[in-house]
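A.B. asks: Residues per chain, in single letters:
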Amino acid sequence: MEEARIGVFLADSGGQLSKILDFESITEFLRGIPGVTLVQRASEFWRGYGLKTIIEAVKSGKINRVVVAEGIPKIGEIAIAKSINSAGLDLSFVEVLDLKSHCAWPHRDSPREATEKAKAMLLAAIEKVRLSQPIEKAVFPAVKAVLVIGGGVAGMQAAEDLADMGFQVYLIEKEPFLGGLAARAVRFFPTDDCAVCIQSPTSDLKTVTHTSRKCIYRSGISEIPNLQILTNSRIIKLEGEPGNFKVTIEKKPRYVNDRCVACGLCATVCPVEVPDEYNAKLTTRKAIYMNMPLVYPPIYVIDGSACKFHECAKCVEVCPTNAIDLNQKAETIILNVGSIIVATGFKEFDPSVIKEYHYGEYPDVITHLELARMIDSFGPTGGKIIRPSDKKEAKRIVFIQCVGSRDKRWNPYCSGICCMISLKHAALIKEVHPDADITICYIDIRTTGREHEYYYEKAREMGIKFVKGRPTEILHDPATNTLIVDVEDEILKRFLELEADLVVLAAAMVPSDGSEELAKILGIELDKDGFFKEYNSKLRPTETKIRGILICGGATFPKDVPTASLHAHSAAIKAAKFLNEGKIVKDLKVAYVNEEYCGDCECCPVTCPYGAISLVPSGNGHFVARVSPLKCEGCGICVGTCPVGAIELNHLTSKQISAQIKALLSVNETPKPKVLAIYCSECGGTALDSAGMTMSYPANVRALKVPCTGVIRAQHILEAFKAGAQGVMIVGCKPEGCHYEAGSQMAKKKVELTKALLAAYGIEPDRLEMFNLIYIEGDKFAEAARMMSERIEKLGPLVIA
Amino acid sequence: MIILLMAGDFVRDGGGKSNSDFIKNVKEMLGGETITSCYQCGTCASSCPVAKTTERFNPRQLLRIALLGESDEILSGDAIWLCSSCYNCQERCPQKVEIAEVIFALRNMAIRAGKIPQLYIDFANGLMNEGRVVPVSKFVEKKRADYGLPPLKPTGVEQLRKILAATGFDKLISKKG
Amino acid sequence: MASYALFLGCTIPARQPQYEIAARKALAKLGIELIDLENMTCCAPPPVKSIDLETGLAISAYNICLAEESDLDILTLCVGCFESLAMANNLLKENQQLRKRINQILSNVGKEFKGTIEVKHYLGVLLNDVGVEKIRQNLVKPLSKLKVAAFSGCHLLRPSELLRFDDPERPRVFDTLIETLGAKSIPYKNKLRCCGGPLRGYADDIALAITRDKIVNAYNAGADCISTLCPFCFLTLDLGQMLIKTTYKEEYNLPIIHYAELLSLSLGVEPKELALDFHKVKLDKVLEKIG
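Residue numbers (my numbering), protein chains in the order written: chain A, 1 to 801; chain B, 1 to 177; chain C, 1 to 291.
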């Protein structure tokens, strides 16, 4: 590589910075640095004439490294980068720094020291680019196919969006029919329209004339081009990389093929009866069955755990189209997709663990799902609300809210939709049976969504009663076969014993079965309540820490259908954006392992938050770590983890860190002891930015930027002390908010370890401190900087024995 | 000014000042740490045998008054002494508030404020004199041989007194209410 | 022979010698050795905790230390003692900060809580260490005609997180042990509810109302007797019936009998050996049914 010819461009922001910083002195200093072939000064360099100067200097070959001290660095950096790139210079050779908010502004009161610091900052930038290596751009394939896991509301919406956009979509559903939980809900709040629609979702099929954009009797989901639906299927293995995943699907045998005309003869002759899960076990079904009324696929299915197969085979005999194949085997299907969307929804909590409510023991204590199936006129009771114990009509019904929700013993969160569901069900029952006696026992009524409060009003108008109080127990009077709900009406301050024919428990909504297993297969995280964890629900909704794997709908947290729909569309857009170009172009600002040095300690794959490091065999029974450049986010946590320093970041090598540390601590004309602040490019850096914009802090605090504080090793801190720092501050994101998931927590551990090391070396551990700050805590950074300066002054000069 | 309706027919009109430090103090007491988790669901009230029998005691209401900072009413009042420590409320509380322990903590605070029912003074004296809250009379002790029971081993009352001195228990009792 | 440090507490030696007599005889017959340690004190029940929780914990811990020093598990008869000691034992085993705090107090008497023993109630010992089989084999007079309203009292079951003795909502241990004796453990309203005893002396009227409820419920369910584990419950329900007679003018004549007494009788101990005259409500009908 050719020798470095460094150009330094100083923006003085309309002459404002030069009122504080001595630009002449700085320029002279710069000219004395070996390799600096050009020093220029102007008001701005990120646009206009200033930018042209840089480009010309690059094009003329006068310089092959660029350092710009810019007044609007964030936007400026992007603008400068775009132009320089087109001038042919690799971006790793460009460094933009902020002499305004990181130097002049906060150190207005000490211009001499500010000038000193400015020199040090420029020197550090120069040394960094001097050592830079070009960073390659790599191109990875992005297969324009998406796997959607889960055939409920969210899954179907997302699948349909993407298929419409031209992507190949595979929608897999573990049950034999689409629809998920919501399909059994009869009606959706707040509009009270039919839930059955989502068993066969809407589509913008161009070939069908539409009379309405909402109702979906014209479902043609099977006819949507590019959409392949696989029911009875689940993912069992994931290989490959974002943009190019290889997924292994296991498809359970249905035993009935598409010759089926859904006549139902098979079911009439089937001798086996089992509890009907779809109808919440209120009734039974045959081993060969179909959920009613509108399902996809409209093909019967045999429950392999109940069927007697060839011992019986009566269904085979009667099937008019010969559609039954009892010898069908499970299939393994391998798919190549670029992105995966998880839409596995949620399920109802089983309240039998709350023993005082006797669910499972008293047959007339039921959950919302069971009630919904009864309300459904297509359901097992033909729309009648009956008591499971004696099949008589239920006239007195008591609802109990928050069963297993907002409960620290079971699920501490509020499930969000159960108040609305109870109001909905109560109103539906009252509509058909105006003389029904309904009471809802609640802790709080939560009707927060659009149009939701109207539901509450309607319920009160219909004469539904509300008791503020959580029942302690449900009792049963065997003499009259009546349930008694023991509750305190706290508003009345009276104890009530509500007599009920039926008690409906508004059970919590919890993660679907198999979530843990699925998370493991995909390599994504669950949150503390067991739902799939969004990377950041405010800034990066539906994303996970693995690019290309998205999550949406109830699988991330219980939600109502409109919200699930929204979430699904959002995930579809993300997937489309990710795969649209058909390729992923990435600057390889990533980590790489020097395999010769790798000692096979196997720590880095565990600490990498993105699962980007795998172990590959290196012969003779050992393994070495290898970083996937596609998955790597360039944070450097692995660099900080590796005990032998075998891992380096392309965009910030250990040599570059050392050079910057030395540079920042040189230029030491005033006698004040120096503090080195190492800050992350995310929250930590923003705290410095905001501190610098409006506050002041001592100029003896010099700052070094790293991608994530997780990259820091004890060695860097010791180097800082050796290079002349009397104190070291580490400034990173909050532990729960680290932008690279785990970096600042690792840094904290590193700091504790280093404090012990310092003590062993006879150096006061108080010289080292970690701070976790965010943008709006600029004042806390200024305070911390002051505190550290004072502290090291009190401690006196550092003596390294 | 807070107007509290208690038991439907007793209206208290702006009596004592609300004490904003009260809850902080309760939380710092051993046993009182969980009081602020209470969200007034009322499960404790309907599971309480005493509340079902009398209007003078209701655990939910008791916690409510405490959470509002009405320290005078709680510490000088009758209610905290009416809990039978059956732990049914604590067992069923969905927020895992240790209600029975909180009531013990409130009693501890009342005693520190000098309000102690005579009954408890008697218990304490038994403890300090003999090492037992229910003293064993000499008569009963002598009869043991008649029943074929081995003689009672002496209690460790000496050591107990040292413990009581170490915790300051003895000083608590000298404050009469 | 399994050995345990017997923890008697206060109420039993002071007012319920019949409980102690029955328990010693029955457990001896079943091969349990009871060792009487020196220097035990009150267990620190609610009256002590009401004055100061820390003191209560320290006193409980002190008693546990005595057993630790003899390397014996504690066996209690009174469920109140069981609760105080078992709660303290589990709390101090699991909460390091609390343990440090209490050990500091205990250092004043040269003791240190180490968490090496278990606190057991004799029902637990009967179920787990002796076993229902052995009890059955030793039965001399099965109580097959007896309908028993089992009342374990609050402190055997709650707070279940710390006591971990039985399911607090569907307890089975006590009923199982009653049925092992051949008797029938009958369901009755509010079986697990407090007897009201702790309010005696402070609010006698409320206490008596709660007690009366319990008696009435057991009576209405057809019980021949109420079987207790707590000496305090016993006094409340037994003596209480005298008070119910004077206050409510109602007479139920429902005998109250400790499980240890039932156990002794079924294992063949003669009634005259058991000091049954301590019962205010006479046991004649029960003894008749036992035969």
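These aren't lab readings, by the way, just hints derived from the structure by calculation. Even for Gly, the Cβ is constructed at its ideal location relative to N, Cα and C. Any given hint might turn out to be false.
To be verified - Just a few of them, taken from the derived set where beta-carbon distance is under 10 Å, the chain C residues facing chain B:
(1) GLU38
(2) PRO46
(3) LEU57
(4) ARG101
(5) GLY124
(6) GLU169
(7) VAL173
A.B. asks: Looking at the structure, which of the earlier hints fail to hold?
C.D. replies: Violated hints (numbers, rising): 5 and 7; every other hint is consistent with the structure.
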